[in-house]
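> Line by line, the protein sequences give chains W and F. Residue numbers 1 to 86, in the working numbering, belong to the letters of the first sequence in order. Residue numbers 1001 to 1530, in the working numbering, belong to the letters of the second sequence in order.
Bear in mind the hints are in silico, worked out from the structure with no lab data behind them. One should not assume that every hint holds.
Claimed, not checked - Straight-line alpha carbon distances no greater than 25 Å define the calculated BS3-like cross-link-like pairs of lysine-lysine that follow:
(1) F:Lys1097 with W:Lys18
(2) F:Lys1502 with F:Lys1449
(3) F:Lys1304 with W:Lys65
(4) F:Lys1279 with W:Lys65
(5) F:Lys1453 with W:Lys18
(6) F:Lys1501 with W:Lys12
(7) F:Lys1116 with W:Lys12
(8) F:Lys1519 with F:Lys1433
(9) F:Lys1502 with W:Lys12
(10) F:Lys1272 with F:Lys1337
(11) F:Lys1097 with F:Lys1147
(12) W:Lys18 with F:Lys1116
(13) F:Lys1501 with W:Lys8
(14) F:Lys1502 with W:Lys18
(15) F:Lys1501 with W:Lys18
(16) F:Lys1272 with W:Lys55
(17) F:Lys1286 with F:Lys1019
(18) W:Lys55 with F:Lys1501
(19) F:Lys1143 with F:Lys1053
(20) F:Lys1275 with W:Lys79
(21) F:Lys1256 with W:Lys65
(22) W:Lys65 with F:Lys1272
(23) W:Lys18 with F:Lys1433
(24) F:Lys1332 with F:Lys1272
(25) W:Lys12 with F:Lys1492
(26) F:Lys1502 with W:Lys55
(27) W:Lys65 with F:Lys1278
(28) W:Lys18 with F:Lys1098
(29) F:Lys1348 with F:Lys1397
(30) W:Lys65 with F:Lys1254
(31) W:Lys55 with F:Lys1275
(32) F:Lys1272 with W:Lys18
(33) F:Lys1492 with W:Lys18
(34) F:Lys1098 with F:Lys1127
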Amino acid sequence: MILEEDFKNSIKNFIQQKNNNYEVINFELTDDVNFIGEGYVDSIIFIELISFVDKTFGFEIDMAKMEPNDLMNFGSFIKSLLRQGA
Amino acid sequence: MTEKKTKTLISWLIESFKKNSDRTALEVNDLTLTYTQLLERALKYTALINKIKNEEDIFIGLFAYRTHTAYEGILGILFSGLGYMPLNKTLPIERTKKALINSGISKIIVDTTSIKYLSSLLSGIEKKFTIIVSDEQILRSYKDILKPHTIITLENGNNNQDFMDITSDTYAYLLFTSGTTGEPKGIAIRHKNIVNYIENLNNFSSPTCEDRFSQMHDLTFDNSVFDMFFCWLNGGSLCVPSDQYLLMPWAFLKDKLLSIWFSVPSVAVLMKRQKMLKKDMFPTLKWSFFAGESFSDSLAKDWKDASPNTRIINLYGPTEATVDCSYYEWVKDISTKESLNDILPIGKPFKNMDLIVIDENLQIVPPGNKGELCLSGLQVTEGYWNNIELTEEKFIKVIKNDEIIKYYRTGDLVVYNESYGFNFLGRIDDQIKILGYRIELQEIEAVIKDIVKTETVSAVGWPVTERQVDGIYVFISGVNMESAYIINLCRKLLPNYMIPKKIIFLDALPLNVNGKTDKKKLIQMLTNDI
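All chains, full assembly: derive it from the sequences and hints.
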């Protein structure tokens, strides 16, 4: 059983480690942040993230079960992943 | 070779915009624009640029990312007889700053998604810029923040323009690519270069005004020139994926019923890794174009399985030769035989392009012999922007049929086969590609050498999966430093795709017989370590 807060913090740390291009950004990954639109996750980081979830939490993300809306913000993304990992 | 002097990108665009006036030209975010609407919006930018431009203006900056402003701005700039220089908020600020200074531009069109990054982009640059925004509200919000720069907005009124001063020699765009010294290099492309490029694409494919085109590439990547102009010059609809769709390209292709696809092979690899390259998944696709990196026969087979009605074209070319300058059509079974190490041929040259293979003494080698591919012809730029030294190094004179001709050295090792054209064998130098982006490993080394203050730094591309390089690994000797510290600094200086995945410290770097760092041994060390 994955604890939502632990899972969220782990993903948050992973994304934050991969970033910091523009110092101007107050880089808070709250649920409503459009983390893809803001450029925090590109296709390279996305693939790495999928692999990170697999290695760290032991479940494979099934893309067929995801929709573009699941990637609208950080909160919806975490929820969609947890649905698969539950 | 015959050179066309009269046709410009503008005359061709205007003809297509008039012919397809009521058709959809652009779908971006939730906005759909017909050709007439897009033209009207673009001409507002043209009217403003014509009013404020001076003799020193050759290019106008475009700091916009996947919004309608980006496309209206590009057309608006082109219609004013100037070229566009795209700036990208997702690239590191220091790198973009260098390109901005090198370009000499003083006016920038900015969209709502990029404007919040503008003050940090312009900080430290002494020049005063004129910033063009689309509406009054943005102007009011950013007027004080962007001081001492001037910020202006579009005006209502008469947008009738004439395009008399635009010739085939007018510049269309200026792009910057990775450079070996850590300084990005500028490549300026003229109208005649693009016209020849699109005419070639039309020669071997047959898009119609019914077609729906993908727009996968950032505007700072020259593949976007294909996306926009191949579409608009044929009256098609340009579909811009949302940020979410960029990570789920299979959903974009399916939901938007695309009929013409263009991407780097890595996007197909991404779909495959997401297990979304399924049988008959994309029945609407008629033409699939791939370029920017090596494309494997096995990946082409997977793509064909997913897209049963498509024809697959492998395009090849450097930015210096206007996106692509050769093409190869994939044919089941035949292409397997024509591929080398599973890599598809890059095929035959475009019309009005001359591709030769030379040896170390700059002598042309006969077909069947390996050598460096060199390019000449209507699509090749004259040289690097404000960089005579690099131009002289990369643009060389070769004697062909008793005539001295200027060629661009690609650095690509190839062999020519008379029946199907060129096979790509690898790089002569240290350049690799990740996601289709050209990466000079020396640029990464230069940045890290500056951070760690030692010369013993070596970067390699590894691992190679599906014929694509996945990431950068850097070896350093004689330094005692935290790798996290180095990587964090790299994040400020290099784009995401150039940031090392890992830094490995060695007592000494292995050397080859010539006393140079032995990169093969470094790659072997990584492979053995798995």
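> Check each numbered hint against the structure and report the violated ones by number, ascending.
none
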